[in-house]
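**Student:** My request is simple: use the sequences and hints to build the entire structure.
Number of protein chains: 2
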Amino acid sequence: VATQKNNFIAVDWGTSSFRAALLAPDGEILGELATQRGITTFNKGEFAPYLIATCADLAKGGVGFYLMSGMIGSRNGLLEVPYCPCPASATEIAGAVGWVVPNKIAIVPGLRNGFDDVMRGEESQVLGAAAVLGLTDALMVLPGTHSKWVSLENGAITGFDTFMTGEFYALLKEHSILAKSLTEPEIWNPEAFIQGIETAMLGESLLRTAFSLRVKSLFNQLEASAASSYLSGLVIGEELAAMQIEDGMELLVIGGQTLCERYNLALTHLGARARTLGNQAAWAGLLAIYQRLKL
Amino acid sequence: VATQKNNFIAVDWGTSSFRAALLAPDGEILGELATQRGITTFNKGEFAPYLIATCADLAKGGVGFYLMSGMIGSRNGLLEVPYCPCPASATEIAGAVGWVVPNKIAIVPGLRNGFDDVMRGEESQVLGAAAVLGLTDALMVLPGTHSKWVSLENGAITGFDTFMTGEFYALLKEHSILAKSLTEPEIWNPEAFIQGIETAMLGESLLRTAFSLRVKSLFNQLEASAASSYLSGLVIGEELAAMQIEDGMELLVIGGQTLCERYNLALTHLGARARTLGNQAAWAGLLAIYQRLKL
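Quick mapping for you: the protein sequence lines, in order, are chains A and B. Taken in order, the first sequence gives residues 1 to 295; the numbers are from the working numbering. Taken in order, the second sequence gives residues 1001 to 1295; the numbers are from the working numbering.
Honestly, the hints are just simulated from the structure, not real lab data. A few of these clues could be false.
Stated by the list, open to error - Derived DSSO-like pairs: lysine-lysine, alpha-carbon spacing no greater than 27 Å straight-line:
1) A:180 to B:1173
2) A:180 to B:1044
3) A:104 to A:5
4) A:60 to A:5
5) A:173 to B:1173
6) B:1104 to B:1044
7) B:1180 to A:44
8) B:1060 to B:1005
9) A:173 to B:1180
Unchecked claim - Chain A stretches covered by chain B per the calculated footprint, using a threshold of three residues with CB under 8 Å from any CB of chain B:
10) 161-172
11) 237-249
From a predicted model like this one, the values you see are computed outputs, not experimental measurements. Note that the Cβ used here is the ideal one computed from N, Cα and C, for glycine as well.
**Tutor:** Listed below in structure tokens is the structure:
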């Protein structure tokens, strides 16, 4: 019973999804659930009732605490929690949580890099990855709609950069003139992807390299089914070129399987040494923050 | 009557507009008209009837010849005219026109830069600008949905590069997360534009600088009404950074008034010496090609 009392529910609540886990004080995952109810699908007053109702089964044994991260702490979430400045370790982040219900429901702050960049949710994944892999110093990339490149030094997040890579990919694929060259069926083509990476690594602007897809298509140099792979290589390669990926560089990729595989392929092609880790790193991060809360 | 017989109708028929002019053999513009009927608004069989009907008034004195340029010569136009390779002067281009009706209706070929880039219509504007200003060597930029940077050497177009600048601007403004920061009313703000140019000139990727708009907006560092000016600076600046614009560089900007003013402002800010010229340069270009046709 004493153990159950110290279990808590960790929540990763972003723009487009809701994930929760029941964690034991030692980090053991006792149960998990996920829904598609991202924060954009709610009105203000609906967040807390949804949280309690959705986690009712997880909380059955009697759970006293909820710790959440992600866009739930933004202006459009349950409670706006001011960004915590870098450098920030789990201790600083724990000291800056926002309290929805004192000692019951807390939200992890996002981080700001000076006033030049922001993130919400990735900080928990980064701290979790550091805990899981025993890292105190690392360069990590969290690919996605808005990719984050995060520097960890002495266990603290010292800085990060955002790239709108996934969003540009979707915009170009769905709404631009390139859509004409991207006809169905779309088949994953690693050679076309690497060709996109290499075109991007020439260091020209994406404004220019993106048009190369159209030109290749006009001159029948690119199969329509491979065009999305080439485009994926162009945008990911643009990000890697900007981050000046070099031979021998070591880094960690955190994210879903498909994106991790693509980044790993590109990074390996460029001579970097990449490890990958899944999104469940968030639970270990929330645990690390929980352990530093003054409850 | 002899003079009238040698008059001809020049047409610039693009994706989104139709423009025609009655030209005397010496280049005098005897009449002009424009409509919004770009090539995407037609089925195949409708192009020629529309051309004749729309130009009926211009052709009243008895006109024997039509010379057209632009996307009308593309796969989706009246007749697909193969791209003419660079380097190409008015003579090469005249030798490669496509004949819709022999000795009556011709379409100027677009150009290709190796198999790496293509354009249709801009070649006529570039040759026209060269004729109007008496240039044989120049670097010209034609800003727009797809900006073209064109090198003219010894009166021939030797190469060019396309940037999807205007299209990226529209995509980001209308379909991306940045739309949230771009609320009405939109007010032209030269300071915000120059701030965007300077951010872009740092040489970081647009994938990254675009997110700076969101961050500035979150921290109230950018008025919503000025955000579109800042975004315009980011994309145009990205193009200028890729073209390595330097102090003292001389170039010619050809296009509509608003874009010419923005490019001129940015180029002047970077120390380049820019001249501007309107889109009517196309007529002088079509005249130069007409004069080299073997009729």
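**Student:** Next step is simple, just say for each hint if it's right about the structure.
**Tutor:** Against the structure, the hints come out as follows:
1. Only pairs whose Cα atoms come within 27 Å are accepted, and residue 180 of chain A paired with residue 1173 of chain B is accepted, the gap being roughly 21 Å.
2. Under the criterion of a C-alpha separation no larger than 27 Å, the hint pairing residue 180 of chain A with residue 1044 of chain B is consistent with the structure, at around 18 Å.
3. The hinted pair formed by residue 104 of chain A and residue 5 of chain A meets the criterion: a straight-line CA distance of about 12 Å does not exceed 27 Å.
4. Simply put, residue 60 of chain A and residue 5 of chain A have alpha-carbon atoms about 11 Å apart, close enough for the 27 Å limit, and the pair holds.
5. A hinted pair counts as satisfied when its Cα atoms are at most 27 Å apart, and residue 173 of chain A with residue 1173 of chain B qualifies at roughly 16 Å.
6. The suggested pairing of residue 1104 of chain B with residue 1044 of chain B holds, with an alpha-carbon distance near 19 Å, which does not exceed 27 Å.
7. For the proposed pair residue 1180 of chain B and residue 44 of chain A, the alpha carbon gap of about 18 Å is at most 27 Å, so the pair holds.
8. Distance check on the hinted pair: residue 1060 of chain B and residue 1005 of chain B sit about 11 Å apart at the alpha-carbon level, within 27 Å; holds.
9. Taking the CA atoms of residue 173 of chain A and residue 1180 of chain B, the gap is about 21 Å. The hint holds against a cut of 27 Å.
10. Coverage of the stretch 161-172 of chain A by chain B holds [criterion: at least 3 residues with CB-CB distance below 8 Å; count 9].
11. Proximity of the stretch 237-249 of chain A to chain B, defined as three or more residues with a beta carbon under 8 Å from a beta carbon of that chain, is established by the 4 residues found.
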